[in-house]
Amino acid sequence: MRVEYINPFVEAAFSVLKEVLRIDIQRGELYLKSVSQPVLGVTAIVGLAGDVEGRVLFDMGESTAIKIASSMNGEEMVKFDELAKATITELANMITAQAVTKLHELGFEFDLTPPAIFTGDNMEVTDTGIEALIVPIEMEYGKIEINVAVREKN
Amino acid sequence: MKTKMDFPNINKRKPDGLQDTGKAFRVLIVDDSMFVTKQIEQILTSEGFDVAATAENGQDGLEKYKELYPNIDLVTMDITMPVMDGVTALEKIIEFDKEAKIIMISALGKQDLVKKSLLLGAKNYIVKPLDRKKVLERVLMTLKKQ
Chain Z
1 MRVEYINPFV EAAFSVLKEV LRIDIQRGEL YLKSVSQPVL GVTAIVGLAG DVEGRVLFDM
61 GESTAIKIAS SMNGEEMVKF DELAKATITE LANMITAQAV TKLHELGFEF DLTPPAIFTG
121 DNMEVTDTGI EALIVPIEME YGKIEINVAV REKN
Chain A
1 MKTKMDFPNI NKRKPDGLQD TGKAFRVLIV DDSMFVTKQI EQILTSEGFD VAATAENGQD
61 GLEKYKELYP NIDLVTMDIT MPVMDGVTAL EKIIEFDKEA KIIMISALGK QDLVKKSLLL
121 GAKNYIVKPL DRKKVLERVL MTLKKQ
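Chains Z and A supply the protein sequences, listed in that same order.
Position 86 (the first sequence) corresponds to 86 in our numbering; numbering is contiguous.
Position 26 (the second sequence) corresponds to 26 in our numbering; numbering is contiguous.
Worth flagging that the hints you see were computed from the coordinates, not collected in a lab.
Some hints here could point you the wrong way.
Now the stretches of chain A that chain Z is said to cover, found in silico as 3 or more residues with beta-carbon under 8 angstroms [stated by the list, open to error]:
hint, segment
1, 26-35
2, 102-114
Derived lysine to aspartate or glutamate pairs resembling EDC-like cross-links, with alpha carbons at most 16 angstroms apart [stated by the list, open to error]:
hint, chain 1, residue 1, chain 2, residue 2
3, A, 38, Z, 76
4, A, 38, Z, 131
5, Z, 18, A, 131
6, A, 133, A, 56
7, A, 123, A, 99
8, A, 116, A, 67
9, A, 38, Z, 75
10, Z, 143, Z, 24
11, A, 133, Z, 75
12, A, 38, Z, 109
13, Z, 153, Z, 81
14, A, 92, A, 41
15, A, 92, A, 131
16, Z, 153, Z, 131
17, A, 38, A, 67
18, A, 134, A, 41
19, A, 66, A, 16
20, A, 123, A, 95
21, A, 144, A, 16
22, Z, 102, Z, 51
23, A, 134, Z, 19
Chain Z side only, calculated, beta carbon under 8 angstroms to chain A, not exhaustive [to be verified]:
hint, residue
24, 16
25, 23
26, 24
27, 25
28, 36
29, 53
30, 87
31, 89
32, 94
33, 98
34, 100
35, 116
36, 120
37, 124
38, 126
The C-beta atom is built at its ideal place from N, Cα and C for all residues, glycine as well.
Work out the full structure: start from the sequences and follow the hints.
Here it is as structure tokens:
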């Protein structure tokens, strides 16, 4: 997978997270996974279809998701309820929309699916025929992994 | 000795959500995201606006608009929604009331749909992420437009 696909998502995640959370954010080392990999507990997934196809995951632990949702709603939340889910979905929406604008500017045309949220323990994701590039983003609320598996359509 | 302190009156400014008559502007929020609805509602009610109703999709928004009419001053309309999208709902509300003041709420990357909405009669738009300043600025600008 070409690295240029992931950069717009990482840049967008940085800019949106900084804008909505107003805290310090660090980028971890990019790594590649081509086999099944565990996911962290709360995962927003957005599908891409067009010149490039695949999916993007925004993956985080439940406590990180609750802290982010609390900060975005300006109130202490104690469980990952419907409002928290809507908040993380909207966060994924904002990041993806900004990334896609950058990719469209680079000449790629594709559509997005609305984000869906998965929650649970001991989950794994497997992408057949596409490797996933992962960029961890670290902040005081915990870690979010931006996990992108896309390919150019033949 | 007693001293008299002269504190400024911090409540002197009229909240932006009130009309000159003192009556609150009435707003309908149409958005399928509970988070965005809550965010807009908090921003507007903190300035004295009256959120008359909320709707989760364009169809529901259209029906609520008709129920509230003519006691409705402004609509915030998400673009991407299930059942009926925001652009279709905008078109139908304008058909019903050509004076309707509708602000489109858009994610980045929907420029074509925003342009289409403005051509169809939307009075303004706001690109997410939303913040208090951006929302109040656009809402007030739209309410002042004739």
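Hint by hint, here is what the structure shows:
Residues of the segment 26-35 of chain A with a Cβ under 8 angstroms from some Cβ of chain Z number 3, which satisfies the need for three, so the listed coverage holds. For the segment 102-114 of chain A, the proposed coverage by chain Z is satisfied: 4 residues have a C-beta within less than 8 angstroms of a C-beta in that chain, meeting the threshold of three. Between residue 38(A) and residue 76(Z), the direct Cα distance comes to roughly 15 angstroms. Compliance with the 16 angstroms bound is thereby established for this hinted pair. A threshold of 16 angstroms between alpha carbons decides the hint, and for residue 38(A) with residue 131(Z) the separation of about 38 angstroms lies outside it, so the pair is violated.
At roughly 13 angstroms between alpha-carbon atoms, residue 18(Z) and residue 131(A) fall within 16 angstroms of each other, so this suggested pair holds. With a C-alpha separation of about 24 angstroms, the suggested pairing of residue 133(A) with residue 56(A) is violated against the 16 angstroms cut-off. Proximity of residue 123(A) to residue 99(A) is assessed by CA-CA distance (about 10 angstroms); at most 16 angstroms being required, the pair is judged to hold. With a C-alpha separation of about 26 angstroms, the suggested pair residue 116(A) and residue 67(A) falls outside the 16 angstroms cut-off, and the hint is violated.
Taken as a hint, the residue 38(A) and residue 75(Z) pair is honoured in the structure, with Cα atoms around 12 angstroms apart against an allowance of 16 angstroms. Distance check on the hinted pair: residue 143(Z) and residue 24(Z) sit about 12 angstroms apart at the alpha-carbon level, within 16 angstroms; holds. Note on residue 133(A) and residue 75(Z): the hinted pairing is violated, with a Cα-Cα distance of about 19 angstroms set against a maximum of 16 angstroms. At most 16 angstroms may separate the alpha-carbon atoms for a hinted pair to count; residue 38(A) and residue 109(Z) exceed this at roughly 33 angstroms.
Proximity of residue 153(Z) to residue 81(Z) is assessed by CA-CA distance (about 37 angstroms); at most 16 angstroms being required, the pair is judged violated. In summary, the hint linking residue 92(A) to residue 41(A) is not supported, as the alpha carbons are separated by about 24 angstroms, beyond the 16 angstroms threshold. With a C-alpha separation of about 28 angstroms, the suggested pair residue 92(A) and residue 131(A) falls outside the 16 angstroms cut-off, and the hint is violated. The suggested pairing of residue 153(Z) with residue 131(Z) holds, with an alpha-carbon distance near 14 angstroms, which does not exceed 16 angstroms.
This hinted pair does not check out: residue 38(A) and residue 67(A) have alpha carbons roughly 22 angstroms apart, beyond 16 angstroms. Simply put, residue 134(A) and residue 41(A) have alpha-carbon atoms about 14 angstroms apart, close enough for the 16 angstroms limit, and the pair holds. The hinted pair formed by residue 66(A) and residue 16(A) fails the criterion: a straight-line CA distance of about 25 angstroms is larger than 16 angstroms. The suggested pairing of residue 123(A) with residue 95(A) holds, with an alpha-carbon distance near 15 angstroms, which does not exceed 16 angstroms.
With a C-alpha separation of about 12 angstroms, the suggested pairing of residue 144(A) with residue 16(A) holds against the 16 angstroms cut-off. At roughly 14 angstroms between alpha-carbon atoms, residue 102(Z) and residue 51(Z) fall within 16 angstroms of each other, so this suggested pair holds. Among the hinted pairs, residue 134(A) with residue 19(Z) is consistent with the structure: their alpha-carbon atoms are about 13 angstroms apart, no more than 16 angstroms. Satisfaction of the interface hint for residue 16(Z) is found here, the shortest Cβ-Cβ separation to chain A being roughly 6 angstroms, below the 8 angstroms cut-off.
A cut of 8 angstroms between beta carbons decides the hint on residue 23(Z): the least distance to chain A is about 15 angstroms, and the hint is violated. With a least beta-carbon distance of about 18 angstroms to chain A, the hint placing residue 24(Z) at the interface is violated under the 8 angstroms criterion. Checking residue 25(Z) against chain A: minimum C-beta separation of about 15 angstroms lies over 8 angstroms; hint violated. The closest approach between the C-beta of residue 36(Z) and any C-beta of chain A is roughly 31 angstroms, which is over the 8 angstroms cut-off, so the hint fails.
Checking residue 53(Z) against chain A: minimum C-beta separation of about 17 angstroms lies over 8 angstroms; hint violated. Because the smallest distance between the Cβ of residue 87(Z) and any Cβ of chain A comes to about 4 angstroms, under 8 angstroms, the interface hint for this residue holds. Here the hint on residue 89(Z) is kept, as its CB sits about 7 angstroms from the closest CB of chain A, short of 8 angstroms. Hint on residue 94(Z) holds. Least Cβ distance to chain A is approximately 5 angstroms, under the 8 angstroms limit.
With a cut of 8 angstroms, the hint placing residue 98(Z) at the interface with chain A holds, because the nearest CB-to-CB distance is about 5 angstroms. Taking 8 angstroms as the C-beta contact cut-off toward chain A, the hint placing residue 100(Z) at the interface holds, the least distance being around 5 angstroms. Of the supplied interface hints, the one on residue 116(Z) is violated, with its beta-carbon coming no nearer than about 13 angstroms to a beta-carbon of chain A, more than 8 angstroms. At about 21 angstroms, the closest approach between the beta carbon of residue 120(Z) and any beta carbon in chain A exceeds 8 angstroms, and the interface hint on this residue is violated.
The interface hint given for residue 124(Z) is broken, as the beta carbon of that residue sits about 28 angstroms from the closest beta carbon of chain A, more than 8 angstroms. Annotation: interface hint on residue 126(Z) violated; nearest CB of chain A at approximately 29 angstroms, more than 8 angstroms.
Violation of the numbered hints given earlier is confined to hints 4, 6, 8, 11, 12, 13, 14, 15, 17, 19, 25, 26, 27, 28, 29, 35, 36, 37, 38; the remaining hints are satisfied by the structure.
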